[in-house]
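Novice: Line by line, the protein sequences are chains R and C.
Going by numbering that gives the first Met the number 0, 52 is the number at position 53 of the first sequence; the sequence numbering is gapless.
Going by numbering that gives the first Met the number 0, 592 is the number at position 593 of the second sequence; the sequence numbering is gapless.
Bear in mind the hints are in silico, worked out from the structure with no lab data behind them.
A couple of the hints might just be wrong.
Partner residues aside, some chain C positions facing chain R, computed with beta carbon under 10 Å [unchecked claim]:
1) V90
2) R129
3) G286
4) V288
Cβ atoms here follow ideal geometry from the backbone N, Cα and C, with glycine treated the same way.
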Amino acid sequence: MTIRLVECRKGDRVRIVKLEAGRSAALHLVHLGLDVGQTVEIRQRSPLRGPLLVAHDGTEVAIGYGLAEKILVEKE
Amino acid sequence: MRLVLVGQPNSGKSTIFNAVVGYRSLSANLPGTTVDYTRGRAEIDGRDIEVVDVPGIYSLQVSNEVERTAVEFLLDADPDTVLVNVLDASVLARSLELTLQLAELGRPMVVALNMSDEVRRKGIEIDAGRLAGRLGVPVVETVGRSGEGILELFQAALRAGRERLVPVVPPGPAHLERFLAGLAEIVHGRPLPAGLSPRLVATKLFERDACVRKRLAAHLTEADFAAIAARLAEFEAATEQRTEFVMSAVRHNLAFELFEAVAKVGPAPAKDLRLKLDELLMHPVLGYVFLVAILAAMFAAVFRFGSALEPRFLGWFDRFDAWLAGRFDTGSIGFTVLHGLVTGLAGGIGIVVPYLLPFFVVLALLEDTGYLPRIAFLTDNLMHRIGLHGLSVVPILLGYGCSVPAVLATRILLARRDRLITAALATLVPCSARMTVLFGLVAFFLSWQAAVFLYVANLLLVGLAGRGLSCLWPEESPGMILEIPPYRLPGLRTLARKAWFRLREFVVVAWPIVIAGSIVLEVLDHVGAAEPINRFLAPYTAGLLGFPPAVGITLIFGILRKEMALVLLFAVLGTTDVPSVMTLAQIFGYTFFVTLYFPCLATFAALVREFGAKAAAAIALVTLATATVLAAGLRFVVPLFV
């Protein structure tokens, strides 16, 4: 089932299926290893519309809420 | 020959740079610390070599301004440039993606597997020899922090330059290679700009790279560009993928393949203590508790250290001043100038040593441990509400110590709009100098609650000002993408060198201003010019703001150093018993006004240097207008309460 990254809970492992972000933001994500097909773990969530912390292959990345709404993922 | 350090953000380029040329480039455990080029010279094997530290880039595929300037720099570099590709070897697979892109540039190169101590700790084994074999260039394992391997790295770089060791570009999938060959055919035979091979041009055209395209404009015809555009459209229609993302996916696979060929990942170490630390420090609730506690402890430490030392230093200068007064005619212009000079020197040492030194050590600790990006994570939400994002909180926090480093720290932000708004907000925050006015006047003569009230009111004002500025200058914030680096133990040597690096900058920029200002004040007083100045300002200071006319000149000199407003207030009133000559409402209003009315000169100089005179003047005028309106309003509100 495809959901948005913001809907994930702490500890979830999900596979990225689509980046709906703009070109620059999408490229930036891809360069950090967060490309379509990659699996990421949600390490931390912050309250309200705060950012998420995701981990992939030894790299931890903070992703703002607005951007996380534009990342489609599938639960493993 | 010129060596250019290039690599992904936070891979340790600046640490390696500083190790060879001396501490010149600010390093921190924070991605994006270097936002500008730093050049230096180093002697390697008896040769004097230019070394350049390039801002960290994740990729040569441009997604922000820093990457664009880095790509332009690399494309235009002299033919005798040697690339020193610094990798955070603990995230080797990802780092190799940039290495493969650098290889395409066709320049002599060496690879530094940096942070190799971290690699061993993670249980990863990297076969540097095999990697060198695959890439066709020297590969050296380094630990920037301790200096391990750095001499070998630079010796290898010289050899790569001498023997023109250019890396091998591994081919991508056959269908892509065929397509790129087709693109290369279009440009084949055309006179290409220096340093651009047909293969590189084809790859960059495929990635829709604007920098290379710009350079080709004069070399290709309209028909060439049309043919290229048609082919790219055809490719995208057939694969339903955007070409730049196809290329990054191909490189990702190539890099991963290379990684698997040269690295052996041992059993994962037991759950890292550092991950457990983040469970606490980035926790949705506890994280904020720790944040407040850590910041409070750090500011308390700086304040305790500073307030213990300051009277001692000032005491020495007072005694020296008294000694001077005994030797010279105190009515002479010569003594007046000397007296101003001593006061200026005392002011510089009074703040530089006691407050800034511990502050810079604490700041270096925050930076080098990696806690700063965590603060950005925790406050991203809050900052969004005022139109900025999490990274902006760093300069604002620094503003509580001193506005000058706060303004410089806005460099970590990329967009000029974000930098300007953040700098404006950071100058509104009461710095340690304004804190002395706040405590010395309001807390002392009114109550500590009134001082706390002023701090809270200031915080609200910063929030409102942020909202106001971002309404005036709206921009859709793309949202935060920030790599959160692992915690690292800071090296003592780096801490000390870094604190000194910052202190030196402060001494050179700000101290001369303090000294000159202090001399001018003394001379003005000596020739009797203070009184007419007060009379000239009276319609504003007394008429509008309701202050006693005598305080006029203190406001002018308060611009030089905010504490001067406090020290000179006692002088012009002729008493330290301020309530005998000013009402409580006047004291409150005066303090509030001094906190906000104008960035001090050192801050103003920093604003000019960072943003230009126009923007600095705009910030100063906006703060002056805000302070005037609020202080004039307070005049009628405060008497209702005190």
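Novice: A separate judgement is required for each hint: does it hold in the structure or not?
Specialist: Structure-based check of all given hints:
1. V90: holds (5 Å)
2. R129: The hint is violated - C:R129 has no Cβ within 10 Å of chain R, the shortest such distance being about 21 Å.
3. G286: holds (8 Å)
4. V288: violated (13 Å)
Of the hints listed earlier, those the structure fails to meet are numbers 2, 4, in rising order.
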